[in-house]
Structures are given as structure tokens and as C-alpha cells.
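*Asks:* Each chain is listed here by its residues.
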Amino acid sequence: MLHCYFFEPDGKLKVANDPAGVRRAFQDGTLYWVDLENPTESEEEILWEVFNFHQLAVEDCIATHQYPKIDDYGDYLYLIVHAVDYNKKDGVFRTTELDIFLTPQFVVTFHYDLMRSTTQQRHRLTEGAIPPDRRPAFLLHQILDSLIHNYGPAMENFEKRISNIEELIIKKPDPRVLDRIFQFKKEGLNLKRIVGPQREVINRLSRGEFRLIPTELRAYYRDIFDEISRYTEMAESHRDVIMMALDAYLSATSNRLNEVMRVLTVFSTIFMPLTFITGLLGMNFEHIPGAENWWGFYIIIGVSILVGVGMYIYFKFKKWV
Amino acid sequence: MLHCYFFEPDGKLKVANDPAGVRRAFQDGTLYWVDLENPTESEEEILWEVFNFHQLAVEDCIATHQYPKIDDYGDYLYLIVHAVDYNKKDGVFRTTELDIFLTPQFVVTFHYDLMRSTTQQRHRLTEGAIPPDRRPAFLLHQILDSLIHNYGPAMENFEKRISNIEELIIKKPDPRVLDRIFQFKKEGLNLKRIVGPQREVINRLSRGEFRLIPTELRAYYRDIFDEISRYTEMAESHRDVIMMALDAYLSATSNRLNEVMRVLTVFSTIFMPLTFITGLLGMNFEHIPGAENWWGFYIIIGVSILVGVGMYIYFKFKKWV
Amino acid sequence: MLHCYFFEPDGKLKVANDPAGVRRAFQDGTLYWVDLENPTESEEEILWEVFNFHQLAVEDCIATHQYPKIDDYGDYLYLIVHAVDYNKKDGVFRTTELDIFLTPQFVVTFHYDLMRSTTQQRHRLTEGAIPPDRRPAFLLHQILDSLIHNYGPAMENFEKRISNIEELIIKKPDPRVLDRIFQFKKEGLNLKRIVGPQREVINRLSRGEFRLIPTELRAYYRDIFDEISRYTEMAESHRDVIMMALDAYLSATSNRLNEVMRVLTVFSTIFMPLTFITGLLGMNFEHIPGAENWWGFYIIIGVSILVGVGMYIYFKFKKWV
Amino acid sequence: MLHCYFFEPDGKLKVANDPAGVRRAFQDGTLYWVDLENPTESEEEILWEVFNFHQLAVEDCIATHQYPKIDDYGDYLYLIVHAVDYNKKDGVFRTTELDIFLTPQFVVTFHYDLMRSTTQQRHRLTEGAIPPDRRPAFLLHQILDSLIHNYGPAMENFEKRISNIEELIIKKPDPRVLDRIFQFKKEGLNLKRIVGPQREVINRLSRGEFRLIPTELRAYYRDIFDEISRYTEMAESHRDVIMMALDAYLSATSNRLNEVMRVLTVFSTIFMPLTFITGLLGMNFEHIPGAENWWGFYIIIGVSILVGVGMYIYFKFKKWV
Amino acid sequence: MLHCYFFEPDGKLKVANDPAGVRRAFQDGTLYWVDLENPTESEEEILWEVFNFHQLAVEDCIATHQYPKIDDYGDYLYLIVHAVDYNKKDGVFRTTELDIFLTPQFVVTFHYDLMRSTTQQRHRLTEGAIPPDRRPAFLLHQILDSLIHNYGPAMENFEKRISNIEELIIKKPDPRVLDRIFQFKKEGLNLKRIVGPQREVINRLSRGEFRLIPTELRAYYRDIFDEISRYTEMAESHRDVIMMALDAYLSATSNRLNEVMRVLTVFSTIFMPLTFITGLLGMNFEHIPGAENWWGFYIIIGVSILVGVGMYIYFKFKKWV
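Residue numbers (our numbering), protein chains in the order written: chain A, -10 to 310; chain B, -10 to 310; chain C, -10 to 310; chain D, -10 to 310; chain E, -10 to 310.
Simulated from the structure, these hints should not be mistaken for lab results. Honestly, I wouldn't trust all of these hints.
[To be verified] The list that follows gives simulated cross-link-like pairs (lysine-lysine, DSSO-like), each with its CA atoms no further than 30 Å apart:
{"no.": "1", "chain 1": "A", "residue 1": "K175", "chain 2": "C", "residue 2": "K160"}
{"no.": "2", "chain 1": "C", "residue 1": "K308", "chain 2": "B", "residue 2": "K161"}
{"no.": "3", "chain 1": "C", "residue 1": "K305", "chain 2": "C", "residue 2": "K160"}
{"no.": "4", "chain 1": "A", "residue 1": "K161", "chain 2": "C", "residue 2": "K307"}
{"no.": "5", "chain 1": "D", "residue 1": "K181", "chain 2": "B", "residue 2": "K181"}
{"no.": "6", "chain 1": "B", "residue 1": "K149", "chain 2": "A", "residue 2": "K308"}
{"no.": "7", "chain 1": "C", "residue 1": "K308", "chain 2": "C", "residue 2": "K160"}
{"no.": "8", "chain 1": "A", "residue 1": "K181", "chain 2": "B", "residue 2": "K58"}
{"no.": "9", "chain 1": "C", "residue 1": "K160", "chain 2": "D", "residue 2": "K308"}
{"no.": "10", "chain 1": "D", "residue 1": "K181", "chain 2": "B", "residue 2": "K175"}
{"no.": "11", "chain 1": "E", "residue 1": "K160", "chain 2": "B", "residue 2": "K308"}
{"no.": "12", "chain 1": "A", "residue 1": "K308", "chain 2": "B", "residue 2": "K305"}
{"no.": "13", "chain 1": "B", "residue 1": "K307", "chain 2": "D", "residue 2": "K307"}
{"no.": "14", "chain 1": "C", "residue 1": "K181", "chain 2": "A", "residue 2": "K58"}
{"no.": "15", "chain 1": "B", "residue 1": "K175", "chain 2": "B", "residue 2": "K160"}
{"no.": "16", "chain 1": "B", "residue 1": "K160", "chain 2": "B", "residue 2": "K308"}
{"no.": "17", "chain 1": "E", "residue 1": "K160", "chain 2": "C", "residue 2": "K181"}
{"no.": "18", "chain 1": "D", "residue 1": "K181", "chain 2": "E", "residue 2": "K181"}
{"no.": "19", "chain 1": "D", "residue 1": "K175", "chain 2": "D", "residue 2": "K58"}
{"no.": "20", "chain 1": "C", "residue 1": "K161", "chain 2": "E", "residue 2": "K305"}
{"no.": "21", "chain 1": "B", "residue 1": "K160", "chain 2": "B", "residue 2": "K149"}
{"no.": "22", "chain 1": "B", "residue 1": "K305", "chain 2": "D", "residue 2": "K160"}
{"no.": "23", "chain 1": "C", "residue 1": "K307", "chain 2": "B", "residue 2": "K161"}
{"no.": "24", "chain 1": "D", "residue 1": "K161", "chain 2": "D", "residue 2": "K305"}
{"no.": "25", "chain 1": "D", "residue 1": "K58", "chain 2": "B", "residue 2": "K149"}
{"no.": "26", "chain 1": "E", "residue 1": "K160", "chain 2": "D", "residue 2": "K308"}
{"no.": "27", "chain 1": "C", "residue 1": "K160", "chain 2": "E", "residue 2": "K160"}
{"no.": "28", "chain 1": "B", "residue 1": "K175", "chain 2": "A", "residue 2": "K149"}
{"no.": "29", "chain 1": "E", "residue 1": "K149", "chain 2": "C", "residue 2": "K181"}
{"no.": "30", "chain 1": "B", "residue 1": "K308", "chain 2": "D", "residue 2": "K149"}
{"no.": "31", "chain 1": "E", "residue 1": "K58", "chain 2": "E", "residue 2": "K181"}
{"no.": "32", "chain 1": "D", "residue 1": "K149", "chain 2": "D", "residue 2": "K161"}
{"no.": "33", "chain 1": "E", "residue 1": "K175", "chain 2": "D", "residue 2": "K181"}
{"no.": "34", "chain 1": "D", "residue 1": "K161", "chain 2": "E", "residue 2": "K175"}
{"no.": "35", "chain 1": "E", "residue 1": "K58", "chain 2": "C", "residue 2": "K58"}
{"no.": "36", "chain 1": "B", "residue 1": "K307", "chain 2": "A", "residue 2": "K305"}
{"no.": "37", "chain 1": "B", "residue 1": "K307", "chain 2": "E", "residue 2": "K161"}
[Unchecked claim] Now the stretches of chain C that chain A is said to cover, found in silico as 3 or more residues with beta-carbon under 8 Å:
{"no.": "38", "segment": "236 to 243"}
{"no.": "39", "segment": "261 to 273"}
Glycine included, every Cβ here is placed at the ideal spot set by N, Cα and C.
My request is simple: use the sequences and hints to build the entire structure.
*Replies:* Structure, rendered in C-alpha cells:
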């Protein structure tokens, strides 16, 4: 799908949905924003046929699995950023790619998946909310702002799931917990791989490196930079928390082993001597002391109880039971 | 609540408690300090209606869970710093946010929680202690100085609690100790996340990056910087100490397991051969050597004692008991 | 083997296969590319006799086991890069060295092993695909581009093998898995040792440090740089994933030990008291309570079942079984 | 105590021990060195009353537990350095603070504890060894040189104690060794916390950052810098060695557990089948094969020996014994 | 021993072996190289009496246990480098110190131990191989080149010994392997401590920081720099490999423990129920079911075999045996 927004000479915002409309608006110099959402091949063609973007940028655009980056092609900037993939239901943290071209006159966005941030902007435009500032750098800020903002709930959800796991470790540490810890570790690794370069992209936009970002808009970009920095920090500390969860799990496992072994040892050390005594008195000998007396059996019972209680007191003293 | 301090033309310090007073003092150019403590919405409005601060700074101000930072808006500086949260009783290390605007004429502080450092300054002002230096950069130093100073007792308390835990590990390592170690680790992580950027804020104030901090006051800011650097170092080394405590706990656990297993093995290796011998002699056979003699039983007793003592000596030699 | 490409005055591409041809093309100034593939000694000689390259560069060329680097000799650049070794069948990730000289007029490539990237370029030239840009810096880009591109499948294969191992750990953790984890760790280490400096070489080529790379070609080099950066990131994260696999393996081992010990303890604590009771009643005594009654045996059976079931419920409650 | 050294007009070195003497020498411009050793309050006063040092520097001076640093107050430098605390007998590595003011005319040293380096300098002066170079920067070098030099024996002692521990781990790893390893770790941490910033202080003195250190003396400061760098390296590698000692201890513990468990298993697997056989033949049955024959007992003995020897050979083969 | 080389006016190389000869050659300006090999005190004196080198450099020269460094004294450079100590037979990686002075006219080398690199140069000179380039910076390069080159075999030997250990871990992991791993770790630590600063020394020589190294020789120094960088990389990766060996050893230990415990558990769980049954039937009761029948014994044998086989199948299913 292709969504093209341009301003008529009287300042009215119009919409076009075909490459021809884009071409016309581009030639009239009224083009404001082209949003290519899972475009067809003929829609993709406008990137090089109409806008004449550099072959390498177009290739990166069409290719998937790119990391966030920003390239300055002189007349325009080419950005790759990643949005959180919010409409999945398996609760796993994923990201999807958004490619953006920023020129002095207009913005081009390119993405294969539905994207909440561009959809939000489109709604705001079509609902007549004429943007107060028609500059493309402002539109770019709006898109990036809502894109980064959408990380918030996902990060909080991630944090909540980790703290659920922590509770589980304390209550009932079983091997399935371990699988989930490793799942988190992988998600965290992936998140770091995306958020790190993305933060760098926003940083370069905010520190006045590019002529296409006017000075008076920099504070706005710095604001997004602060937000993504906060998420980067959170991702960093998630890593520590996950490591801690792993340590906690291993400690819990080791504590259980200790507990199990103590029980085994307490039982063994109480019953092995007693069994030996009964074995001794159970020998097939003719002369066993006390064997003829009626109280022999009770004396052995008494000795057994004494040994058992003595051992128990000893283990109590050793803090084993 | 709103506390506004301004100097009358004759140099007398006056107090106002309503937005109207602030507006008047601002227009007269006599404004010195506005402290917004958990402000109402109408009090918050003076930030943009009277002082005309940038929308982004005001948003950051009202939002919570921001990390320490410093933004230069040309005419004024906007700082976020964190004070230790001192009036909690659960002994956990927390911080609360303080937002500060520094202009060439006055200071604005904004916070939702009671804050010891601003309260101290207000007392000093109202008790007639006219500040020796009426410049806002000096007032900012006073506020930051007492804010950072308050970290001291909290850090020491944290350190004392850790060393209590260490003692406990040596005396009685049980799983609850582990929970407390992980609790410390989380607090330490949180502390690092706050103190690190805060140190950077003070560093930028002290190294003459901002025109609003006069050169002759820089030594004072460097003094706070030294103090917070010391706390950062302490926080760093706390991390190492906590890791060490975890290692110590795991080692203690593993030592106990060893001890338990040695006891089990010593008992088993002594009594298993003996039980076998009694089993052998307890077989339901007609011809068992020595079964008819009265001394048979005592020989077995003797052999058992010999085997037991021999094993014991062997384990003594092996340093198991 | 020696492959020499030069342009005749009429712009036609010609091929020569002997040192004499190279020398002639060099003197005529028509030389475009010399590819030395596992050269004989007399072919190697052209490096210093014809091209007069610096003795140190020639020595590095002939020596093997060099790391990627780039040296600026003023008139020409000397590069060492590594290609993935693709025609091995043991599935292990290896690299082979490619030495390149870039002069303002021509390119010299030198390698002992068959190399896919140079072979590809030779095919494209001999099949009449006259390069659109005859500059050597463009040819260098073409060679490096296909060389780096070939890392892709190898990296993906590596990733797939690691995730196979992960599945295996969950299903059946045995010591052979450990050997394979360590094998991966070594491969990853080796990969990092090669890809790190190689990325640096491409970085220096792309950032305009060398006069021999024209400004308009830099975007193309930056494109390869992005690709190799992606592989470096992948190599980095492989390391984390391998560490995780090792942790998972050790945890699985420790879980099994726990399981084994629980079984042992459950059996021991059930049967040791029971065996003691039978031992007690098996003593060679004349007066044993209940020994004369026909129901004695069945009472003991009943007691045994009671003790066994009681223990089982206790362990169920303790979550051991 | 206060020790003040000044030069009379005829070049003779004189000593004064009271604030009045210091004030006189300061006004005459003949002051060379004031050493304040655990000063009284009236002696401390000369810092601000006579020398007019900045309030912040004086506060840092009087406060304890400061980290090494250097502050440039324009007319003078203020340094905090740490000496090793040599007169303790518990063998623990501690440091004490020394505060130094360097002005173009004289040096002021301030310390609460006895300090070997200042005492040495005082002796050299009073014994008539007129310094060849009366410049304060030279005196400062002398003091720092002997201060840093005193680290040598302490570092070597530390190293020797660590290698003692290593021997102990190999010979007899018991839990007390662990306590000592953790003690070392703490000392090492503390050492790093002091030596790191101290190295930075000396580095800044040696690289010509301060006008008060003449160019021709820099080589001397670089010499101390090399020495403290060596100690920093040693402290760094101590950390690795201590970590290694911990690993070694844990490995030794784990090896012992293995050894213990092998013994237990060997005994159990030999005697459990044998005890079962005797139990079988000890059943209270009327018809037990071989029970009536005189050789029955000896066959069982034989079978037991066979089973025992067979098991032993099996374990030998498995390398368990 | 002292070896002094100088050029007579007619360009002939001459040798002198006493301080007087050095002094003469120095005054004539014909001095080329003085090699002080384990010098006597009177030979050491030429450093300050004849060459007038700075006192600090001379002190560093005579002192031992210095780390590699380079000091610029304006007229001359003072270097400390370390050669591998090749004539030891215990197979441990050690280094010995070589001190070098480079002046615009001549080179002075100073070492206490026999040194392969200086000996090689002396042979080349005395065998009439007049150096093609008489500049001292060229001689310095020759000495450093062969010194660094000698690291190669030692590094390879180190690598081979490590891979021997790895094989041993897989075949027969016993505690002595651990001792050797720790030995390697210490050697690696030591190596890193030497090679790191040495690489920095060569780097500074090669990047044109010192006027005494002519521009046209820099490529040669860069060549040594590449070589030592390769060794640094190797040392770095050795560290990882040693860590891996330790992990492998600990895993092997833990696997063995698991194996041992499984055997114990399998035996216990099979024989404990069986022994209980025989105990039950061995009770000294008058009425035991089946005791009077001749087939009673055989039924118990049958039940035992059934229980044993059943347990075995269960453990087979659980993958324990």
C-alpha cells in the first residue's frame, strides 16, 4: 500500500494512493510524506525512478534484517530504525524494521509490516490535524517519537515477566524455569543488538551533525534521545537481573541438593549402626549374650532409641536438621 | 505547596506562597528562588505561563522516573538530580527526583516528595540567615551540596548492612541469606544507575561548560564532584563486595555438602563391611565356623571394633574426619 | 597461475598469462588487474622486479598466517584480508588469506588457495562484461564486496549448528555435547580474531583516509562496512550464545544430579528403617514379641506399607517426587 | 606537632616549632617547609590565617577518608596522597592520608599519623644535609619519592602471603583458607581504590600540566610515575592471582567431593550385593540350598571374594580407584 | 663483558673490549655500538662518565624487574624491552630485560643475561657483514627485529603445551591437570604484563613520534609492530583458551561425579528393596508364609531377578545406565 500526502497551493492537505500521484506531487514540489507499507514492486520503483535515491540505499531498503543506522547522502538522509513488534501474542520481544528517507522537502517511509507509529501519524493527518510545522524534519521527529514511545510498554512487560520468574525461582525452582531464563537472555541479547545502534542514530540526529535537522528542532530530538537512553539503561540492567536470576536458580538447586543429602546422611547414620547391632544379634550363633532373657529384646529397643535420639541431638547441634 | 523568595529593593528577603506573588516578583526582577513542593496544577502552570520554560523541560519536570541529566536551553539550565529518600523505614536504598531550573536571576526547584536539602535551605533563609552571595549559581550549589551530603549516611548504612551479611554467611549460611544478597545486588544496581549520571551532571557543572556558573564558584562545584565521585567509587566497590559475598555463600554451601558427604561415607564404609560380616554369620546354615563356641560372639565384636578403629585411622590420615 | 587483464588502446580487454605479458602491459600503462593464484616463484618475482613493491609488503605477501591489515606505502596501498574457506567439508569455519595491492592504475591480488571472489570477478571480465568503471578502486570494491558477501552463508550455517546444539542440550545432555560446545567456542574465537581487524580495514577504506579511494566510491565501501559490521555483531552475539549453551549444559548436568540424588534418598529413607525393623525381629533371641503368633508377619508387612506410604506422602509434600 | 624549616639570609637552615615562627618566616619570604604532624587546632589555624589557603582545601585537609587527588588553585597546588601504613602488626595492607600544599616558595604537609616519608626528609634536613636544590617542587619530589618507595616492601609482603595461601590450597584446602582468600580480595580492592587515583595524581604532575613543576624536574616525577605504575600493574595482577586462588580452592573442594563419593560408591556397590546374598541365605526358610552342607559357608565366602575382586577390577578399569 | 664497535676513518669496522676504547671512539665520533653484557662496575661507569646519560635512566638500567617503556631525553631515547629467555629447560615462558640507549650517532645495549638478538648482530658484524645502513636507528631495528622474532617459537611451544593439556582433560582429567592449567594461567598473565607495554613501545617508535627514527625507516618498525601485535593477539586468545580448559576440566569433574552417583543410586535402588525382602523373610518368627515349602527359596530368587531386571529397564528408560 502507498499513502502519499501533499499540500495544494492553498495549503490544503491532499492524499494520493498511486505512484502517478506521487510523481505529480514530487514534480510540483508539494510532496510532504510518502508512506510505503508493504509496497508492491511497482510502488517500490518510485524510490529510484521518481526520487532517484542512491542504489545502495534502495537495496538496503528492500533487504530485511538490517541493523539501525544512518547514512548521509548529501541531499538526503537514509535511516534504518526498528519499532517494537506489538501485535504478536506469544509475549516475545521482537522488532521490525522501518526505513526512512529525509529530504529537505519531504519524508519517505518504507516498511513491510504494519507499523503503529506511521499509522498514528496518518490518522492525525487525515483527521484534519494539520501539523503546526510542515517541515519534514518535524514530521520525522513525530514518527520517531511515537516509535520510541511504543518501546515503553514492551519494556515494562519484559520487566514484569522477569520479576515473575524471580518469584517462581524462590517458590519452586524446576528446570522449566531455566528454559525461561535462557529465553529471556536471548531476548535481552537481541534487544541490546537493536537498541544500541538505534540510540546512536538518534544521538547523531540530536547533536547537530546533519544540516537537514534545523537547530531549533534539536531539543526535540534530544528529548527522544533521553527516552531511548533510558530504555538502553533498562536493557543493560535487565542483563544483570537475568544473570542474577540464573545465579539464584543455580543456588536454589544447590541448596536443594544440600537439603536432600542431609536427609540421606541423617537417616543413614542413624540406621546403619542400629542395623549392624541387630545383624550382630541375629548371627546364627549358639551363644549370644542376653538371647535367652525375656528383656533382651527390650534392651535393644532401648539402645536403638538412645542411639537415634543421640544422633538427632548431634545433628541438631550441627544445624543439619 | 509553593515557596517563593524575593528581595525587596532595600535588600530584605520576602516570602510569597501563591502564583500571583511569583509573577509579581518575576516582573519586578527581584525573584530569588521558587520551591515547588508537590505543587497543585495551578502552581505548576507558572513554569510555562510566567517563566516561559521550554515545553520539553516542563514535560520532563512533571513526568516521574527520569534519570539525572542536564540540558542547556541557552537562557537557562534544566537539571534533574536525585536525592536519597531518607524518611523510609524499610532500610532499602531509594532515591527521589528533584528538578531544578537555573536562570541568571533565580532558581526554580520542583519535587513531589518532601526533600531534606530544599527544606534545609528554606529554614536557613527564613531564620534570617541572609545568604552571603545572592547569585542563583551559589544557591544551586548550596542545594546540591546538602543533597549530595545526605548520601553519606545512607551509603554508610548500606555498607554496614552488607558487612552484617558477611558475618552471617560465616556463622550460619542459610538460603535466606541468599535472598538478602540478591536484594543488595538489586539496590546496588539501582544506586549505580542513579549515581553514575548524577556524577556526570555535577562534573559538567564543575568544569566550566556552562556560562551560568561563574568561574569563581567552580571550585565549590568541584568539591561536590569529589564527594559524589567518592560515593560512585563506594557504589562500584559495593558491587565487588556483594559478588564476593555471593561467592562466599556458594563456597560455604559447597563446604557443607562436602562435610555432609564425608560423614555419610565414613559411616557407610565402616558399617557396610561389618553388616556384611554379621549377615554372613547370620545365614541360616547348619555349619558356620565358630557358631558353637561361646567366644564366637566376642571375636566378632572384637573384629568389628578393629575394622571400625582401622577405618577411622585411615580417614584421619586422609583428613576426612 | 597468473591472470593478467589489460586494456588495449581501443578499449578492448585482453588477457595474459605470463610474467612477460604483465611486464609489457605495465610498461604500456594499460594494466588493469593481475591475479596471482598459488603463483610459482618466477611469477612471484614480478611483485618486486616489475612493480617494485616494498620488500616488507612482499615478505608479508609470501608469508602465511597474517592478520588483516592495511598499510599505506604512499604510491600504493597494501591490504591483507581473509575470505571464508568455503570448499571444506568438515563444517568447521576457516578463513584463507588474500593479499591485495591497490595502485592508481591497477590492482594486484595474491593468494595461495582458490578464492571464490577473485574467480567470480575473472568470470565476469572474460564473459565480456566490461566493467562500467575501469578505476582500480572500483575493482577492489567488487572483489571485497563478493569476498565479504561469502561470509553470509557460513555465518548462517554456524548459527544453525549452534541452535542444533541447544536443542540437543535440552533433550539429551551428554559429555559429547560439551566437546562440541568447546569446538564452537574455539571457532568463534578464531572468527573474532579475523573479522575484528578486517572490519577495521574496511572502515579505514570507507572513511576517506586514503587518497586512492575516490570520494564518490566511499558510499560503496561504507556499504561493505555495514555488512561486515553486521557479521562482527553476529560473531559477538555467537559468543554470548555459546556461553549460554555452556551454562545450560552445566545446569542440565546439575539438575540430573539432583534428580539422581533425590531417587537415592527416597529409596534409602524408606527402606533403611524397614530393614532395621526386620533386623530387629530377626535377632537370634528366644523372646521376641509376637514371634509365636501367626499374625506377626502380617503386622510387620502392614507396618512396612504404612511407613513406605507415609514417607512417600512426606516426599510428595516436599516436592521431591 | 609542627615542624617549620626556613632559610636565614645567610643560607642557613633554621627550625621553628610554633605558629609564630611560621608566620615570621612566611612574612620574611624565607619559609621552605612546614610539616604539620597530628596538629593541634591552633596549629591547624595557620593554614587559613597565615597562608590564606582556600576554605575547601582546608576542609579536605582536616577531613579524613579522602581519595588521592590534585586541585589547582592557581597560586598553589593542593594534593592528597596516601602512604602505606607501615607500623601496624596485623599484616594487613592499609594506607594513611597525607595532604600537601605546593606554593612557588614553600611546601606544607599535613597528616594525622606518623609518616615515614616526611620523617625521613626531616632527618635529612636536620642532619645538615642542605638540599642541593631549594625549590619546593624538588622537596615535593623527595617526599613523594620516598612515600611511593615505601609501597615496595608492602607489595612484596602481600605477594608472599598470597603465594603462601596458594601452597596451602594445594596441600590442605580447608574453609579457613577461603576466609583468607576473601580477606586478600578485600585488601586488593582497597589497594586498587587508593593506588589508581594516586597514579593519576603523579601522572598529572609528571606530564607538565602544572606551571609549578619546572620542566627540568619532570623526568624525576616521571620516574616516580613509572614506579607507581609498576605497583598498579602488580595490584591488577594480584586480583587475577586471587581469583585463580579462589578457583583453585573451589576445584580442590570439588575434587575432594568426587574422591569421597567414589569411595562411598565403591564400598556400596561391593557390599550391597554381598549383603543381599547373605540376607537371602539367612531367610528363616526350612529349605535353603546348601544349608546342610559343611562347605556351604565356604562357597559363600568364595563367591564374596570373587564379587569383591571383580568389582575392584571393574573400578580399576573405570579409573575410580 | 663489553663489546664496542666503531668505524675507522676509512670505513672499516673495528672492535674494542675495554672502557678506554669506548671513550676514544666516542671522542673521535666514530662510535657505532656498545654492547654491555653482564658488565662489571667499571664497565657500567661509562654510561655516566663517558656518555653522560641522565642519572634516572642509568638507575633504571642497573635495576632489574622493570617493565618495557620508552623515555625521550631529548638528545637520546632510553628503551626497556624484554626478550624471551630461551636457554631454560623447564619449559616455562620467561623474559629477560634489555636496556637500549639510542643517540643520533650510536646505540648502547645493556643486559645481564646472554641475549640471542645482540649476539646475532655481533656475529653478523664480526663476520664482515658490514651493515648496509650505518645509522643507529637501523641497528636498533635489527636488534628489535630479531628480539621480537625469537618470541615466535616460544609462543608456538606455549600453544602446543596448552593443546596437549586439552587432550589430557578429555582423556584423563585428574587434579594434576588442574595444577598445570593454573601454571599456564600464571605464565599467560606474566606474558601479557610484558608483551602489552612492549607493543606500546614499538608502536611509539613506528608512528613517527621520535625525531631519532627517520621517516624512511618507519615502515620497518611498523613491520615489527605487526609481528608483536600478532603475538599480543595470541597471548589474548591463550587466555580464553586456558579459561576454556579450566571450564572443560570442571565439567569433566562434574560429569564424573554424575556418573559415580548414578552407579551408586542404581545399585542402592536395586538392592535395598531386595535386602528388605530377605530381612522380612529372615525374621525370627514361627509363622512365615512359604517357609516350610521347598520352593519358597526359589520364588524369592525369582522375585529378586524380576525386581532387578525391572529396575534396570526403568533406569535404561531414564537414560541412567
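*Asks:* Where does the structure disagree with the numbered hints, that is, which hint numbers, in rising order?
*Replies:* Those not satisfied: there are none.
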